[in-house]
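Here the structure of chain A is known, so what remains is to put chain B in place on it, guided by the hints.
2 protein chains.
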Amino acid sequence: MRRSVEAASSLFERYLERARRRIDTALDARLPRAREEPRPLHSAIRYSVFAGGKRLRPALCLLACESVLGSSAAAVPAAVALEMIHTFSLIHDDLPGMDDDDWRRGRPSNHIVFGEGMAILAGDALLALGFQTLAASPLGRAKDPRALIRIVTEATGTEGMIGGQAMDLLSEGKRTSLKRVLAMHARKTAMLIRGSLLLGAEIGGASPGLKRRFSNYGLRIGLAFQIGDDLLNVRSSRKKIGKAVGSDQARGKATAPGAVGVERAERESERLLREARRIAKGLGRRAAEFESLAVFLGKRTS
Amino acid sequence: MRRSVEAASSLFERYLERARRRIDTALDARLPRAREEPRPLHSAIRYSVFAGGKRLRPALCLLACESVLGSSAAAVPAAVALEMIHTFSLIHDDLPGMDDDDWRRGRPSNHIVFGEGMAILAGDALLALGFQTLAASPLGRAKDPRALIRIVTEATGTEGMIGGQAMDLLSEGKRTSLKRVLAMHARKTAMLIRGSLLLGAEIGGASPGLKRRFSNYGLRIGLAFQIGDDLLNVRSSRKKIGKAVGSDQARGKATAPGAVGVERAERESERLLREARRIAKGLGRRAAEFESLAVFLGKRTS
Numbered sequence: 000m001r002r003s004v005e006a007a008s009s010l011f012e013r014y015l016e017r018a019r020r021r022i023d024t025a026l027d028a029r030l031p032r033a034r035e036e037p038r039p040l041h042s043a044i045r046y047s048v049f050a051g052g053k054r055l056r057p058a059l060c061l062l063a064c065e066s067v068l069g070s071s072a073a074a075v076p077a078a079v080a081l082e083m084i085h086t087f088s089l090i091h092d093d094l095p096g097m098d099d100d101d102w103r104r105g106r107p108s109n110h111i112v113f114g115e116g117m118a119i120l121a122g123d124a125l126l127a128l129g130f131q132t133l134a135a136s137p138l139g140r141a142k143d144p145r146a147l148i149r150i151v152t153e154a155t156g157t158e159g160m161i162g163g164q165a166m167d168l169l170s171e172g173k174r175t176s177l178k179r180v181l182a183m184h185a186r187k188t189a190m191l192i193r194g195s196l197l198l199g200a201e202i203g204g205a206s207p208g209l210k211r212r213f214s215n216y217g218l219r220i221g222l223a224f225q226i227g228d229d230l231l232n233v234r235s236s237r238k239k240i241g242k243a244v245g246s247d248q249a250r251g252k253a254t255a256p257g258a259v260g261v262e263r264a265e266r267e268s269e270r271l272l273r274e275a276r277r278i279a280k281g282l283g284r285r286a287a288e289f290e291s292l293a294v295f296l297g298k299r300t301s
Numbered sequence: 000m001r002r003s004v005e006a007a008s009s010l011f012e013r014y015l016e017r018a019r020r021r022i023d024t025a026l027d028a029r030l031p032r033a034r035e036e037p038r039p040l041h042s043a044i045r046y047s048v049f050a051g052g053k054r055l056r057p058a059l060c061l062l063a064c065e066s067v068l069g070s071s072a073a074a075v076p077a078a079v080a081l082e083m084i085h086t087f088s089l090i091h092d093d094l095p096g097m098d099d100d101d102w103r104r105g106r107p108s109n110h111i112v113f114g115e116g117m118a119i120l121a122g123d124a125l126l127a128l129g130f131q132t133l134a135a136s137p138l139g140r141a142k143d144p145r146a147l148i149r150i151v152t153e154a155t156g157t158e159g160m161i162g163g164q165a166m167d168l169l170s171e172g173k174r175t176s177l178k179r180v181l182a183m184h185a186r187k188t189a190m191l192i193r194g195s196l197l198l199g200a201e202i203g204g205a206s207p208g209l210k211r212r213f214s215n216y217g218l219r220i221g222l223a224f225q226i227g228d229d230l231l232n233v234r235s236s237r238k239k240i241g242k243a244v245g246s247d248q249a250r251g252k253a254t255a256p257g258a259v260g261v262e263r264a265e266r267e268s269e270r271l272l273r274e275a276r277r278i279a280k281g282l283g284r285r286a287a288e289f290e291s292l293a294v295f296l297g298k299r300t301s
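Chains A and B, in that order, give the protein sequences. With numbering that gives the first Met the number 0 as the guide, the letters of the first sequence map in order to residues 0 to 301. With numbering that gives the first Met the number 0 as the guide, the letters of the second sequence map in order to residues 0 to 301.
If we strip away everything but chain A, and leave its shape as in the complex, we get:
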């Protein structure tokens, strides 16, 4: 059994590894050079974009496009835009006025290296550059050119990531129900994971029914991913996640294990991943990879 779980999860891991290389090359080509003015801004942008991210969101975008269209070449710029916008959120989340994290992925946070002002601007620039990149993306089989922008702004704005981060800040130090934690995780994390799939599906020309399926799958994967992060934060060593152990608890963050304990949080994550695996079976040519991601996420915290 263990062996088949390994095999199932490694299918997605192999895809992720291949996608990472494509994305990193495209990101490098698309970002302003560090030697162009204003240099510290461009260095700050590149520091956080090339900080060892897994490129999960771009990979999901490529995978969804491939699953529908058979090829993901048209989705590469859109995938790059997603990573820019994801990196914007990481830089801003770490700021002293927000989560005040000095470390990210085992390295000093952006504002520690470049100062608070430059970190704020690097985040702002990545958000703008993400939309600029999307507006120059090939359309593939997308019918409405502005649908791409709409998918990503919905996932990013007050009903998505930014609204979720506000809920996160506001819940600090308060007792929070699992329902409210999940509503926050949905906006803060799941909306952009879902948006990444929808973006790839849109470029691939997916039917409305298939898009709904991607949406349902993405929300579950996204929620399970964030609950997994909560669980890792409770358990892992600094080495593994690159920041202080139990930092969520120390800051009174609203988390799934904080709301209902580790065991019930694990059960919630397992339930979501079970549903995701079931939905994954109908996700087109890359169904096996989507199933594999659900297995992979389950393994990550078990």
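Hints in this document: simulated from the structure, not taken from any laboratory. Given the structure is predicted, the values throughout are model-derived calculations rather than measurements. We put the CB at the ideal spot given by N, CA and C, even for glycine. Any given hint might turn out to be false.
What the hints assert, rightly or not - Chain A side only, calculated, beta carbon under 7 angstroms to chain B, not exhaustive: (1) Ser3; (2) Met97; (3) Asp99; (4) Asp101; (5) Leu126; (6) Ala127; (7) Leu128; (8) Pro144; (9) Arg145; (10) Thr157; (11) Gly162; (12) Ser176.
For chain B alone, kept in the frame of chain A given last:
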């Protein structure tokens, strides 16, 4: 002579007053309600958007559209998006890690009222909402639906407002040439003024030649506007500009009067406005209003 300057400048002022009311109504309809969750985020957004802004950028967008098309109704959502993005920049510029201004337009800055974290997020949300609003804007006579996004991201990103603010931060406390100050003002201020005109012109279906003319006019107006702000900061009372007198000097900001003295800065502004008035004559049906704006900006600091 004085009387004719009054009459010429008031033509634009009257347009601005009418545009302000249209824009405020459309902004109110488009922004998330303060009673919807997360409430503090939405309150922070509305606090800064409705802080008595002149709505110069939206008015320029409407005016450019009207000048080409004869009507500006199609440009209202795009104009609203510009004000959202402008307000994002004001909120972030005031943050302690940036210009550290406790006051804006005679009221406490966003972060003073809502805290740093919520102010960062309110700015982020306005930037995302600006692009969301643009992606839902009517196209008018624009041929490429994504041209609207491209015009605004160019004006906002590392080659526009955000890059300019980075140059501004980096120049603090350093001796700076007029050339460098103008390069910074061009990105920080003039690019979005120009972008506002280009956006309206695009929706109005302007010819390439007319768009170039709007671009040339916008850069000059934008530079003169920012030099005017520099001059006001040196001279005016706190009451008039809503922040401490001479705050630029106290912070060692790079400004035009700081680089070459008040008199040469005034001459530079007059030169730019003279050129703008000349270009304005060829800007279509609303040429008189565009000329009037140049007169208005000259009057502001004289």
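List of violated hint numbers, smallest to largest
Violated hints (numbers, rising): 1, 3, 4, 12; every other hint is consistent with the structure.
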